[in-house]
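Residue numbers (the numbering used here), protein chains in the order written: chain X, 144 to 362; chain G, 583 to 775.
The reader is advised that the hints may include incorrect statements.
To be verified - Taking CB as the label site, the calculated pair distances span: (1) Val741(G) to Arg349(X): 39 to 49 Å; (2) His653(G) to Phe173(X): 17 to 27 Å; (3) His653(G) to Leu151(X): 46 to 56 Å; (4) Pro198(X) to Thr728(G): 29 to 39 Å; (5) Val291(X) to Thr728(G): 39 to 49 Å; (6) Gly589(G) to Gly163(X): 11 to 21 Å; (7) Ala295(X) to His653(G): 55 to 65 Å.
Keep in mind that the hints were calculated from the coordinates and are not lab data.
Cβ atoms here follow ideal geometry from the backbone N, Cα and C, with glycine treated the same way.
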Amino acid sequence: MAVGRYSLRSRASRWLWAAGTVLLVCATGFATWRVTRSAALAPQTQPTAAGAAPPRLAPGHDYYFHVKLIELAEKAPGGKAWDSVGDSGPDICFSLTWRNNVIWNSSEKPNTLIGNWDLLKVDVRQIITSSGQTDLNDLVNAPLISYVPGEAVELKVWDEDTVGSDEAGKISFKLEDLRPGENILNPSGERAKAIRRVVLSLIDRRTPVPELVNTISNR
Amino acid sequence: MTRPGAGKTIWSVRACIVVSAVLLGSGLAGPCMTIEPAFGSFDGWVRFLKPDLARPTHYSVVGGIRALIDHGHVALGVLLLAFSVVFPTLKLAVMAAATSSLAEGRPTGPLMWLSHHAGKFSMLDVFVVGLITLAIKGLPGGSRVTLGWGVGAFAASVVLSLIAGIVIQRLERRTVATIPPDVADGNTVEGLA
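Take the sequences, apply the hints, and build the full model.
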């Protein structure tokens, strides 16, 4: 009987040690998995302060000043039709002036009241002629400005015609009124004339490439 | 009945096994390697146009095995699972049970002998990681593999388990040989079992 009791106890002890070791491996593995998983998710789940003030442009930083969209009124300034010959819409073009220099001339968006410009512009011919290499910055379809409080960028919009062009309006954007990211503006006033809506995007030049791609895909 | 001082050695071996189990668990689930893809002169383009492709991938031993099985390499996945997860865990369990037998002055049995001699196979996945590292280093485009702390923890666990196995075998040789057959069945050493 004593031998049987000892044998049972010894067997139980062996099983206990064996099972305990297996459990220890599993528990440590599970705990490690939880810790590494939560560490990996941490940057995505950082709480944002509720009611926090919107971010402002940082002085001294360089920003891409991207005009995403311009909407014009149905009639040209003065109440006349955009196209004096037919009934087609305006061929929208714009330029940006900063520190008394024209820093950007847009491509033309023909026969539309809403012109839309993507942030990414791939000039295949230029890439081919430069032996297939290009700088990522060359693909960004926007000029760079440096933010200094008190400065402004002037937007001039016109309807491009073969014979002359009709000015659609001008807007001066005070940089301190703008925010990083998308800015939707509904200008009013005498100088704005036929400009009804402007969507601007200000992107910090130091934006990491994946975020820049996200911004580009967010049209 | 064991030699004087054997109790202390058995507890040291048990501590070794516990540490080895903790290292094994964390080594299996912890980051084992990170693959950072690169695309040579097209690197900028790929990062710009397809950033998902350029993102680094992190693998643990278990995650790597799962990925292998998911991608259709079932045989390789099962082989690695057997030698990297199941075998080292069972080996530690057998060794832990063996310490219990030794504390009672019993022989550890054939399983312990088998696990000790098959111990060298549990380094198989470290070898595989080494091979992958070498293979990817040889790829064009500049892709890189960096090893995570999981590999270190796993390797340390394997080394500790080998040490524990050697000590258990020596203890068995020294102690069990001195025990009379009638005692071997039931006697225990106080405070060890």
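Open item on the list: I'd like to know which numbered hints this structure contradicts. Please list them from smallest to largest.
Closed with: none
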